[in-house]
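S.K.: Listed below are the residues making up each chain.
There are 2 protein chains.
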Amino acid sequence: PAPPGTRQRELQVEAPPMYGRYTQELGVYAKEEAARLRDGGVRDGAGLRRNTSVRSRAADLLEYEKDPCAKCHLCASRCQKFLISRVGEDWIFLILLGLLMALVSWVMDYAIAFCQEAQKWMYGGLDSNMLLQYIAWVTYPVVLITFSAGFTQILAPQAVGSGIPEMKTILRGVVLKEYLTFKTFVAKVIGLTCALGSGMPLGKEGPFVHVASLCAALLSKFMAPLFGGIYMNELRNTEMLSAACAVGVGCCFAAPIGGVLFSIEVTSTFFAVRNYWRGFFAATFSAFIFRVLAVWNQEEETITALFKTRFRLDFPFDLQELPAFAILGIACGFGGALFVYLNRLIVECMRKQKTINKFLLRKRLVYPALVTLLISTLTFPPGFGQFMAGQLTQHESLVALFDNRTWCRHGVAEEFDYVSHHHHAWKHPQVNVFITLVLFIVMKFWMSAVATTMPVPCGAFMPVFLIGAAFGRLVGEIMATMFPDGIHADGSVYPIVPGGYAVVGAAALSGAVTHTVSTAVIVFELTGQISHILPVMIAVILANAVAQSLQPSLYDSIIRIKKLPYLPELGMGHHEKYNIRVEDIMVRDVRYITLTSCYRDLQEMLVTAQLKTLALVESRDSMILLGSIERLQLQSLLSLQLSRLRRLEYLRQLAQDNGGRDRPASRTTDSTPSSPCARVNSSSNARQAVRFLVMCSAFRCVIVPSSFSLQVAEWEEQQLDEPVDFKNCKIDPAPFQLVEQTSLHKTHTIFSLLGLDHAYVTSMGRLVGVVSLKELRKAIEGSVTVTGVKVRPPLASFRDNGNNANVSEVTELHKLCIRHRGLSLPREPNPPDHSNSDTNYCQQVP
Amino acid sequence: PAPPGTRQRELQVEAPPMYGRYTQELGVYAKEEAARLRDGGVRDGAGLRRNTSVRSRAADLLEYEKDPCAKCHLCASRCQKFLISRVGEDWIFLILLGLLMALVSWVMDYAIAFCQEAQKWMYGGLDSNMLLQYIAWVTYPVVLITFSAGFTQILAPQAVGSGIPEMKTILRGVVLKEYLTFKTFVAKVIGLTCALGSGMPLGKEGPFVHVASLCAALLSKFMAPLFGGIYMNELRNTEMLSAACAVGVGCCFAAPIGGVLFSIEVTSTFFAVRNYWRGFFAATFSAFIFRVLAVWNQEEETITALFKTRFRLDFPFDLQELPAFAILGIACGFGGALFVYLNRLIVECMRKQKTINKFLLRKRLVYPALVTLLISTLTFPPGFGQFMAGQLTQHESLVALFDNRTWCRHGVAEEFDYVSHHHHAWKHPQVNVFITLVLFIVMKFWMSAVATTMPVPCGAFMPVFLIGAAFGRLVGEIMATMFPDGIHADGSVYPIVPGGYAVVGAAALSGAVTHTVSTAVIVFELTGQISHILPVMIAVILANAVAQSLQPSLYDSIIRIKKLPYLPELGMGHHEKYNIRVEDIMVRDVRYITLTSCYRDLQEMLVTAQLKTLALVESRDSMILLGSIERLQLQSLLSLQLSRLRRLEYLRQLAQDNGGRDRPASRTTDSTPSSPCARVNSSSNARQAVRFLVMCSAFRCVIVPSSFSLQVAEWEEQQLDEPVDFKNCKIDPAPFQLVEQTSLHKTHTIFSLLGLDHAYVTSMGRLVGVVSLKELRKAIEGSVTVTGVKVRPPLASFRDNGNNANVSEVTELHKLCIRHRGLSLPREPNPPDHSNSDTNYCQQVP
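Chains as they are written, first to last, in our numbering: chain A, 17 to 862; chain B, 17 to 862.
In short, the hints are calculated from the structure, not lab data.
Glycine included, every Cβ here is placed at the ideal spot set by N, Cα and C.
Certain hints may be false.
[Said to hold, decoys possible] Okay, derived cross-link-like pairs now, DSSO-like style, lysine-lysine, Cα gap no bigger than 27 Å in a straight line:
#1 B:762 to A:762
#2 B:237 to A:762
#3 B:794 to B:628
#4 A:628 to B:762
#5 B:199 to B:578
#6 A:743 to B:762
#7 B:762 to A:237
#8 B:579 to B:628
#9 A:324 to B:324
#10 B:628 to A:762
[Unchecked claim] Computed beta-carbon distance windows for the label pairs:
#11 B:499 to A:566: 54 to 64 Å
#12 A:313 to B:790: 50 to 60 Å
#13 B:498 to A:290: 32 to 42 Å
#14 B:311 to A:393: 46 to 56 Å
#15 A:607 to B:770: 26 to 36 Å
#16 B:358 to A:508: 44 to 54 Å
#17 A:336 to B:147: 45 to 55 Å
#18 A:316 to B:498: 16 to 26 Å
#19 B:748 to A:673: 54 to 64 Å
#20 A:316 to B:770: 43 to 53 Å
Using the sequences and the accompanying hints, generate a full structural model.
M.R.: This is how it looks when you write it as structure tokens:
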């Protein structure tokens with residue numbers, strides 16, 4: 017056949033390919049057909065699409081692609097160009113990304129500060145009337161949050177929430193297209209600015225990971241035309257996205273090292289060390305620009321930490337304080353687990369309550385507005401807010417909590433004569449500092465858990481960090497009260513530094529919630545002091561140990577709530593899942609095509625199976641796996657077989673033959689006598705032909721003679737019965753294979769390492785099953801689920817744990833041996849032990 | 017046949033299996049045989065071993081193993097037990113490891129300090145006579161180094177050097193058994209203590225990684241009986257070893273975070289984030305204990321950093337100093353590359369100079385002694401040492417270099433009235449501080465490069481760190497001279513802190529030499545201050561960028577020098593290697609066994625092929641890959657077939673039959689007519705039998721009648737001609753497969769990710785080649801080699817870069833199709849294009 021690219025327009029006669037179209041009004045169809053012809057038949061595959069529109073999803077399944085092998089071509093030519101110019105552009109890309117993100121972060125911080133100043137100014141200006149003051153205090157955040165929620169909802173609902181769970185899923189290899197568009201970027205940046213400007217207990221860090229990834233994705237797209245299609249490579253995109261995650265955290269906290277480590281811990285399962293420098297470079301550059309902007313704006317004298325502390329350098333803490341730090345860490349571990357649980361509980365409660373759920377779905381802005389109203393009412397400074405430092409922003413609270421001087425000595429609050437108004441908020445004339453701190457912690461705890469469920473772009477890291485700092489401060493103040501002159505015995509007096517406890521608590525609680533150790537590094541970079549390294553490390557590790565054994569991380573929890581296609585981690589100590597093997601979880605009913613399949617099988621397969629790739633086996637009997645073919649490839653094969661060009665050619669031939677012969681279809685039928693499918697389907701063919709005859713005669717089309725239609729329908733039937741020609745098809749000749757005995761643990765490792773979507777299960781080269789991410793996830797969650805009944809795969813408990821692991825495998829091999837030797841082995845030691853089970857199999861083999 | 021476990025001792029008559037033993041004295045053989053019988057035939061395979069001892073390496077090849085499947089069994093039963101109790105023991109193990117390593121580190125530091133004090137005391141006590149002083153100054157290190165070299169040489173030569181390259185190789189999956197023994201541990205610890213005590217410019221950090229790994233390996237072995245064989249799992253060992261590497265760095269510098277990151281960067285290619293906590297926990301615990309020991313020993317008041325600095329917190333550096341930091345970083349990059357090059361040059365020079373090489377090989381202790389003599393002569397304080405602060409130890413030098421006060425203002429040295437003698441060493445009455453610093457840098461640079469080539473346990477990190485600090489100090493002092501009142505324009509005066517430059521320089525140079533970014537974190541933890549984070553990060557990244565483009569890292573360089581079986585990294589920007597495909601580098605002459613192979617083929621294969629695993633294919637024609645079998649498995653199959661038990665049984669049968677028939681061998685020959693191998697080899701059998709007849713008649717054995725020997729030999733021949741029974745053989749049914757078109761880049765990634773040793777190359781299921789680590793390394797180094805001609809694989813340059821990547825693959829598939837359809841396709845579009853090349857193949861298929 018002529019190549020599909022060249023357009024042959026000399027033959028204007030075209031048969032309407034209407035086979036199978038008996039469910040639709042014929043008049044409607046005629047109109048459509050006329051419109052299609054007016055368009056000039058731009059799309060070759062349109063005919064095919066109509067042909068199959070009767071079936072379920074056939075129309076979009078068989079959508080003809082101009083370049084069906086676009087993805088495969090990448091590997092050869094593009095990839096090479098790409099790699100030549102790659103290194104230089106990597107630097108340019110990373111610098112641009114860092115610069116852009118630093119600007120975004122700084123501008124956003126500026127805008128947020130402006131918003132909060134505006135609120136303060138409004139609130140301060142109305143101090144004559146408390147009602148007006150209250151209204152101003154409450155309305156402002158409600159309006160901002162409602163706007164944020166509405167704006168995000170309208171523009172891009174994907175921008176809601178933290179974004180780290182989605183990034184984790186994307187970096188795992190799952191394509192979530194909508195999460196990396198320009199719309200999402202705009203929605204996320206503006207929505208986040210408004211949400212944070214409202215003063216709610218929300219964080220900037222999680223969304224910033226998303227924003228940075230968006231930035232990287234858009235920058236890639238933008239740079240693609242400049243550098244010639246280089247930025248389309250998938251591998252590269254992953255590398256760039258993981259660098260972007262580091263940039264996100266890095267420029268949010270001006271913490272390059274912590275940013276890189278945190279992003280690795282939060283988003284990766286296996287990390288390629290060779291990509292390390294990318295993240296470091298971009299995050300450092302970004303953090304640098306972010307802080308330089310502050311210097312240029314005269315906010316700072318030079319580049320320093322965001323929450324600079326001034327702890328004692330010579331004697332930061334006493335050795336005997338370490339138990340207190342350890343207890344703080346353990347308590348933070350429990351607190352972190354509780355936070356994750358609370359957060360999930362709120363979401364699940366709202367989902368389960370059908371009336372609430374329905375109401376909220378209809379009025380999407382009511383929930384955030386209500387939550388904001390509640391929280392801002394409670395923090396109203398002249399009201400309850402005076403007992404919990406409600407007037408302070410997160411930044412101000414943190415600065416106060418990290419202060420290196422004790423707030424109270426011997427249980428009595430000291431005079432805050434040396435400090436700014438930040439500290440006065442903590443000191444209530446009637447109420448002890450301890451009570452203020454406890455109230456602050458308790459209130460902020462549930463407020464943060466509730467606030468982070470609002471449908472606005474927001475993170476939970478900063479609120480949690482703040483709560484941790486407050487908790488640490490509380491412990492520190494208690495310690496300072498208990499040991500007013502410090503613990504150190506000999507010589508000089510070193511009073512206890514409650515600010516150090518705040519730093520430790522902040523790191524420990526945020527570490528517990530996110531299940532990361534790198535929060536330790538983040539606090540060092542945030543405070544600009546590393547003197548408390550050992551207490552911080554001890555507390556963070558203990559907090560992690562406690563939290564990880566109780567709850568999943570906040571991000572994993574969100575992944576489960578959102579049901580994102582992510583492979584959960586194998587929990588520690590869940591040993592029962594080592595008893596599960598692939599054969600317990602695999603899908604045995606694999607959809608495959610054989611070398612002798614005909615196009616009809618292909619069509620059938622495409623219509624019924626939802627898989628992205630299909631297995632190719634040698635034959636139905638041998639089942640030897642030869643490779644896998646992408647769905648797209650099969651679709652294009654099918655489209656080519658029934659393409660307009662071939663149809664035209666056939667029609668031309670038909671027109672030429674029309675004088676000579678009456679039934680040109682019989683000629684083509686004769687020419688394919690050896691096709692196995694054709695022989696099988698010949699009887700059903702005849703029946704269908706009769707049906708079409710009835711239908712076609714009812715349809716009066718002005719374009720082609722009706723006798724042609726029938727012949728074309730017949731021709732199509734014949735085409736479908738031809739065996740598939742795999743010559744022009746890209747086949748992956750080495751799809752990933754597992755064996756039946758592979759343990760779940762190993763399968764999980766391989767899937768995570770290679771970012772697999774599915775793997776075929778083979779037994780001595782024979783395809784016996786397939787395992788996809790879905791099955792794996794089910795199996796893992798079955799044994800991981802923390803709350804609820806643990807589900808084990810059906811066969812796992814019946815299995816003997818002994819050494820009979822390879823029995824079936826050996827038998828399989830034995831069968832193959834016998835098949836090869838023709839059952840004529842002379843001195844076979846135990847001939848009866850396999851003759852029973854194998855007869856069936858052996859008979860199948862000629 | 018009877019299972020090999022039950023011993024049948026009733027039949028004492030045994031045939032000496034001496035087939036093929038015609039190269040040895042028969043008398044010697046008779047003695048051996050008698051001795052063997054006296055031993056009681058403990059080893060079943062001994063007979064077999066003798067059988068084949070005539071061939072090249074047959075004796076140790078066919079060593080019989082009691083439990084040939086030991087490794088495979090692990091997966092099933094042990095693994096499970098192991099995982100149940102695993103988590104708790106992980107903690108115990110890590111705590112023990114941390115504790116042990118902290119003790120080792122502390123004791124070693126103590127011993128080193130004692131050694132150095134002893135030298136100082138000796139040197140100080142002899143200040144009346146300069147000659148005596150010189151002798152004392154020089155003899156002491158020479159004796160220590162010579163002892164260290166000799167001790168290491170005798171006990172465990174594996175302990176020489178850093179150990180990081182070896183650990184990198186081991187963690188890559190290559191087994192270097194000798195590197196993890198108790199002997200090596202002792203040699204390394206004692207050798208290292210002596211080497212460092214000598215005061216040579218050597219480091220502790222690299223060897224400590226090795227020591228910690230040794231500790232972990234030994235601890236595993238020690239804990240194995242306590243916890244029931246749990247500590248034998250390979251996966252676990254890798255996890256533990258990578259944690260141990262972190263501990264090594266962590267407890268050496270009291271830098272837990274930096275230790276973890278450094279060890280990841282230096283030893284891993286892909287890192288499993290789930291193992292992150294292990295390293296953190298162990299390193300933190302270890303660093304904690306290490307510092308607590310110092311507190312308990314009254315060395316320190318509380319836990320602080322090892323080289324605590326006291327830089328200004330409010331204004332650590334000015335923004336306008338950043339260019340200076342950047343230049344420092346770039347210069348350190350060049351310096352680092354030069355150091356690696358120099359180090360390699362020295363080793364290669366000595367290797368190439370045959371006379372030197374021969375001499376050094378004979379007198380192994382001469383080289384270290386000479387080097388030590390040279391270095392200690394040059395550092396002799398009253399001599400040249402006075403111009404380069406030769407009297408200071410590394411620790412003292414670093415403390416001085418990190419000092420926060422400037423040494424000179426306006427180019428003139430300030431009065432060091434406030435400081436200890438550390439600083440006086442830098443201030444020579446006649447010589448400028450700058451000259452002292454420059455001399456120090458230059459001398460230490462080549463001294464360190466030379467010293468690290470000595471055959472003692474030593475690392476290069478600390479010397480390089482020190483040189484970097486000195487270089488940074490030099491730049492800092494120059495800056496302080498140029499801007500005596502600081503750069504900051506408005507308001508207060510902030511003088512420049514040269515100590516900050518020293519910190520930056522130390523991180524940058526050590527980062528450049530090791531190609532790591534985490535040296536930045538190490539300096540923060542070492543100095544206890546993080547205020548210079550941005551300059552440090554910028555300098556380290558720039559230094560890395562420069563050094564990585566010029567030279568491999570020091571550890572990769574050593575790996576290449578030592579020719580360790582490690583897969584080098586794909587360098588950045590070497591795009592030509594993306595043009596290489598697996599088909600260019602694979603070995604096409606794959607050794608395989610087929611399902612129809614007989615034991616003789618097996619024997620042949622085992623004797624001639626050196627591979628650890630052999631491919632199993634369906635048949636010689638189809639070549640469809642069914643799996644791979646370990647060499648050990650094949651050996652045991654062969655041993656079973658020719659086992660003493662079966663031989664005994666045969667003899668018994670022979671003895672029973674002896675009355676009835678004259679030639680029982682003929683019976684057995686008749687019973688195996690269908691074995692294909694037997695038929696093929698029957699003529700050669702006859703010839704061999706004659707040969708044995710000649711030989712056996714010459715041999716007069718007292719144990720068995722000589723007529724039996726012949727029969728046994730014949731029996732063995734028959735046994736070898738039987739087809740292999742794979743029933744009792746463990747087969748890996750899914751060995752890793754690549755396709756011919758896989759790019760080198762992808763192959764490299766997969767090999768690194770999965771720690772593969774080899775992979776089969778298949779084309780539509782057919783085995784066409786094999787690629788092992790060796791081929792891959794050759795291919796990569798061919799295009800990576802920095803100095804010398806780049807070698808490209810033969811076919812790479814002839815290839816068109818277009819879209820014809822899958823041509824051969826498609827043809828292959830096409831062949832298979834044709835084979836399946838019997839060449840009777842009716843409307844094949846272009847039949848001639850495959851008929852030419854395929855005829856050969858198609859004819860092979862019946």
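S.K.: None of the hints should be skipped; say for each whether it holds.
M.R.: Results of checking the hints against the structure:
{"no.": "1", "hint": "B:762 to A:762", "result": "21 Å, holds"}
{"no.": "2", "hint": "B:237 to A:762", "result": "24 Å, holds"}
{"no.": "3", "hint": "B:794 to B:628", "result": "20 Å, holds"}
{"no.": "4", "hint": "A:628 to B:762", "result": "22 Å, holds"}
{"no.": "5", "hint": "B:199 to B:578", "result": "21 Å, holds"}
{"no.": "6", "hint": "A:743 to B:762", "result": "25 Å, holds"}
{"no.": "7", "hint": "B:762 to A:237", "result": "24 Å, holds"}
{"no.": "8", "hint": "B:579 to B:628", "result": "20 Å, holds"}
{"no.": "9", "hint": "A:324 to B:324", "result": "19 Å, holds"}
{"no.": "10", "hint": "B:628 to A:762", "result": "22 Å, holds"}
{"no.": "11", "hint": "B:499 to A:566: 54 to 64 Å", "result": "56 Å, holds"}
{"no.": "12", "hint": "A:313 to B:790: 50 to 60 Å", "result": "59 Å, holds"}
{"no.": "13", "hint": "B:498 to A:290: 32 to 42 Å", "result": "39 Å, holds"}
{"no.": "14", "hint": "B:311 to A:393: 46 to 56 Å", "result": "51 Å, holds"}
{"no.": "15", "hint": "A:607 to B:770: 26 to 36 Å", "result": "28 Å, holds"}
{"no.": "16", "hint": "B:358 to A:508: 44 to 54 Å", "result": "49 Å, holds"}
{"no.": "17", "hint": "A:336 to B:147: 45 to 55 Å", "result": "53 Å, holds"}
{"no.": "18", "hint": "A:316 to B:498: 16 to 26 Å", "result": "25 Å, holds"}
{"no.": "19", "hint": "B:748 to A:673: 54 to 64 Å", "result": "59 Å, holds"}
{"no.": "20", "hint": "A:316 to B:770: 43 to 53 Å", "result": "49 Å, holds"}
Consistency with the previously given hints is maintained throughout, with no hint failing.
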